[in-house]
Every structure is written in structure tokens, then in C-alpha cells.
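Colleague: Residues per chain, in single letters:
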Amino acid sequence: AQSVTQPDIHITVSEGASLELRCNYSYGATPYLFWYVQSPGQGLQLLLKYFSGDTLVQGIKGFEAEFKRSQSSFNLRKPSVHWSDAAEYFCAVGAESGGNYQLIWGAGTKLIIKP
Amino acid sequence: DAGVTQSPTHLIKTRGQHVTLRCSPISGHKSVSWYQQVLGQGPQFIFQYYEKEERGRGNFPDRFSARQFPNYSSELNVNALLLGDSALYLCASSSRDREAFFGQGTRLTVV
Numbered sequence: 001a002q003s004v005t006q007p008d009i010h011i012t013v014s015e016g017a018s019l020e021l022r023c024n025y026s027y028g029a030t031p032y033l034f035w036y037v038q039s040p041g042q043g044l045q046l047l048l049k050y051f052s053g054d055t056l057v058q059g060i061k062g063f064e065a066e067f068k069r070s071q072s073s074f075n076l077r078k079p080s081v082h083w084s085d086a087a088e089y090f091c092a093v094g095a096e097s098g099g100n101y102q103l104i105w106g107a108g109t110k111l112i113i114k115p
Numbered sequence: 001d002a003g004v005t006q007s008p009t010h011l012i013k014t015r016g017q018h019v020t021l022r023c024s025p026i027s028g029h030k031s032v033s034w035y036q037q038v039l040g041q042g043p044q045f046i047f048q049y050y051e052k053e054e055r056g057r058g059n060f061p062d063r064f065s066a067r068q069f070p071n072y073s074s075e076l077n078v079n080a081l082l083l084g085d086s087a088l089y090l091c092a093s094s095s096r097d098r099e100a101f102f103g104q105g106t107r108l109t110v111v
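These protein sequence lines are chains A and B, in that order.
In terms of my numbering, the first sequence has 54 at position 54, counting the first letter as 1, and numbering is strictly consecutive.
In terms of my numbering, the second sequence has 8 at position 8, counting the first letter as 1, and numbering is strictly consecutive.
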């Protein structure tokens, strides 16, 4: 079955420190991969996406992610976090079957920034 | 350009009632999807519509239904509301390239 796992429910980092949020997926074909960010009570904003090609993708707000097929992973990174990055981060796989396309989501990782 | 717009933003309903949520996609986008996000969890797929036809349905009871209009806007209907239907309902629109753009959501509280 298709699934997305975000193993860390919460992560706390100091402002200015580097960040890596983990995402592992289970999907039979080459996946469409996404990272979204959600501030409290808000909708979802796309940070970056991977469809094909270069496995290191750059996104908005200084985020990047690397697709590793051998590890079925799509980890999100940022070299230096800012207090405004505090939010919940969701990894998603775009799954297609018989003309039906849907996003399958991880449970999210809540990022807490220490001053 | 306007993004995805959803209405209302907040809603309180009583158990057993019916609710209609509305979504207007980004201009030019013909696909609309609905997701339910329960507090503390990731979104769950409910429906996808493309060119006014249902293209996909998630694992939700028949109390949930939706439709898409000729202008590509969409409605999500939920009948016989249960307390467990309390959630943030998200609408996403997309074009052919599979990138989904989300609205701010409708927060539904069932009491």
C-alpha cells in the first residue's frame, strides 16, 4: 500500500541552526514528491516538489530536498532556520491509479524554534 | 491572480445537520480535490473532480458527496453530521502538472 512516514512528530532547533526533516515513502512507481508547510489554522503552502530530473530540488524560503530512490526518502533541509520557520511540515506523495490522482500525506512534523 | 478561495472560513453545526462547503479554484485550473484534516494529523483525500467528473474517491462514507460546476468551482456536502466530522476541510486546485494549490480551508466544528 502507498504510504508516507514522517518519523519525527516534533523537532526543536535553535534559531540559526541547520534543519533536516525526514520523509520516507512507499510507492510502486516513480513518485511525485512534495513538501508543504502549514502555519496554525492555515492552509498548506507548497515549499518544493520533485517530479523527475535532478534529485536535489530547491524550494522557497531557502529550503531544499533530496530524492534518494535507494532509500525511498525525500528529506527536507535548510542550512539556517529563522524563527518564522516555526510551523508544521508535511511530506506528500502524488499517487496515480486508473485516472485517479491523489496526494498521500505523512502525519507531519512540528518544527519548534528556540531563540 | 486570486488563489484558491474557500467559504465559509469557519462553521459550527449540530450533530445530524447537513453542511455545504464551497471552493473556487485558480483560474484555468480544471481539477479540484477535497481533503479532510483532523487536528494533529495529515490531510486525508476525500474526492477529486476533473472537468466536472468524479475522478477519485477516498475512504469516506456516502454521507460525503461533492460536485463540480461548469465554471470549475466545487461544493462538498456532508449529511447527518457526526462529532467526528469536525476538521479542517481543504480544497486544492491543480492544472495538468499535478502541483496542488490549497485554499485556507474551512474549519468545521460539530457540536
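Be a bit skeptical, because a hint or two may be false.
Claimed, not checked - Below are the DSSO-like pairs computed for lysine-lysine, each with C-alpha atoms no more than 30 angstroms apart in a straight line:
| id | chain 1 | residue 1 | chain 2 | residue 2 |
| --- | --- | --- | --- | --- |
| 1 | A | K61 | A | K49 |
| 2 | A | K49 | B | K13 |
| 3 | A | K68 | A | K110 |
| 4 | B | K52 | B | K30 |
| 5 | A | K114 | A | K61 |
| 6 | B | K52 | A | K49 |
| 7 | A | K49 | A | K114 |
| 8 | B | K13 | B | K52 |
| 9 | A | K61 | B | K30 |
What the hints contain is simulated information worked out from the structure, not anything from laboratory work.
Predicted model only: the values in this text are computed from it and were never measured.
Colleague: Hint by hint, note whether the structure agrees.
Modeller: Results for each hint:
no.	hint	in the structure
1	A:K61 with A:K49	14 angstroms, holds
2	A:K49 with B:K13	37 angstroms, violated
3	A:K68 with A:K110	23 angstroms, holds
4	B:K52 with B:K30	8 angstroms, holds
5	A:K114 with A:K61	19 angstroms, holds
6	B:K52 with A:K49	27 angstroms, holds
7	A:K49 with A:K114	28 angstroms, holds
8	B:K13 with B:K52	28 angstroms, holds
9	A:K61 with B:K30	28 angstroms, holds
Violation of the numbered hints given earlier is confined to hint 2; every other hint is satisfied by the structure.
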